[in-house]
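**Q** Whenever a hint applies, use it, and build me the whole structure from the sequences.
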Amino acid sequence: MSSSRYIIADRPGLRIRTALGRRECLLALLLLAAFIANGILLPTFLDLDNLADGTFNFSEKALIALPMALLIICREIDISVSGILALSSVAMGLANANGAPPEALLPIAIATGTACGCLNGVMVTRFGLPSIVVTIGTVSLFRGLASVVLGDQAYTGYPQLMADWGQGYFFDAVPREFVILLGCAALFAVVLHATSWGRRIYAIGNNPVAARFSGIAVDRYRLALFMLTGAMAGLAGYLLTGRIGSTRPNIAMGWELEIITMVILGGVSIAGGAGTIAGVMLAVLTLGTVTYGLSLANVPGIYMTIVIGVLLLATIALPRLLRGRTK
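The letter at position 10 of the sequence shown is residue 10 when you use this note's numbering, and the numbering goes up by one with no holes.
To be clear, the hints were calculated from the coordinates, so they are not data collected in a lab.
Hints are not guaranteed to be accurate.
[To be verified] Estimated spans, in silico, between C-beta atoms of each pair:
id, residue 1, residue 2, range
1, Leu94, Ser269, 34 to 44 angstroms
2, Ser140, His193, 33 to 43 angstroms
3, Ala104, Ile136, 24 to 34 angstroms
4, Val209, Thr44, 48 to 58 angstroms
5, Gly183, Asn57, 28 to 38 angstroms
6, Arg220, Ile270, 36 to 46 angstroms
7, Leu187, Ala274, 33 to 43 angstroms
Backbone N, C-alpha and C fix where the C-beta goes; we use that ideal spot for every residue, glycine too.
**A** Right, here's the structure in full:
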């Protein structure tokens with residue numbers, strides 16, 4: 001006989017459907033499935049040297065995806081990142097051609113990217129223009145400036161220091177670019193998930209009007225995030241230019257869509273206010289694993305695009321369907 005009118009139910013255990021409803025869990029399973037499938041179908045895929053080389057395909061894009069995630073959480077977006085990267089690379093090439101020391105090229109790339117991001121941020125925060133409209137315009141502006149400076153030429157003859165960072169390895173095993181990516185991901189995760197700065201970004205993304213009334217300098221945060229995105233695009237431009245050894249008019253063409261795909265696939269809400277760095281990194285690794293496996297299998301690029309599109313739609317739709325069924 002019960003001594004109480006009310007019975008407190010035990011805490012429900014972990015359910016597979018509930019777990020799959022979380023984007024991070026689904027991406028982790030997809031990453032594992034991609035590794036297993038590629039390892040079975042492609043005998044050379046699991047070779048450690050091949051896996052290390054495969055990280056070059058996504059490291060620069062992922063470096064830009066990190067600040068892009070913060071920007072989208074804050075209800076903004078930057079379509080101009082590929083143009084910023086191209087202009088940063090041209091700035092380095094111009095400086096190198098005029099005798100700048102090798103150590104000055106990285107600060108030049110980051111400064112150029114930061115200036116471009118500042119222009120985007122000022123247009124959005126000072127003049128109240130939609131970020132998608134502003135950055136669609138500035139991507140043409142930045143790439144157009146790069147093309148005018150380059151013409152039909154290409155900058156080459158970069159110093160060995162750039163090649164060491166763009167192509168080099170730590171301990172002859174781990175690509176330097178990938179180590180930089182992991183370090184930046186850890187830093188961004190701490191800032192977003194463990195500081196008041198990160199909590200304010202989420203607050204702005206959830207309700208910018210309420211955030212402003214609560215004393216948060218909304219426009220200052222937005223401007224800082226645009227500048228940060230530009231700076232990271234400049235860093236990516238330094239590494240990419242060092243890896244390929246040249247600056248060409250079509251450098252990083254179309255990267256903005258791939259970067260945004262990484263962010264959205266990682267669970268960052270396009271409406272703002274939700275998302276994690278862990279989800280973005282899982283999306284980066286999943287896309288990198290899938291595309292590298294397809295390239296080893298000599299699958300044409302157009303089919304890779306189809307696979308990525310299906311993967312994006314599936315990872316967006318499945319968690320919502322599973323959550324809907326549990327209600």
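**Q** If a hint holds in the structure, say so; if it doesn't, say that too.
**A** Hints versus structure:
no. : hint                                : in the structure
1   : Leu94 x Ser269: 34 to 44 angstroms  : holds (40 angstroms)
2   : Ser140 x His193: 33 to 43 angstroms : holds (35 angstroms)
3   : Ala104 x Ile136: 24 to 34 angstroms : holds (32 angstroms)
4   : Val209 x Thr44: 48 to 58 angstroms  : holds (55 angstroms)
5   : Gly183 x Asn57: 28 to 38 angstroms  : violated (19 angstroms)
6   : Arg220 x Ile270: 36 to 46 angstroms : violated (23 angstroms)
7   : Leu187 x Ala274: 33 to 43 angstroms : violated (21 angstroms)
Hints 5, 6, 7 from the list above are not met by this structure, while the remaining hints are.
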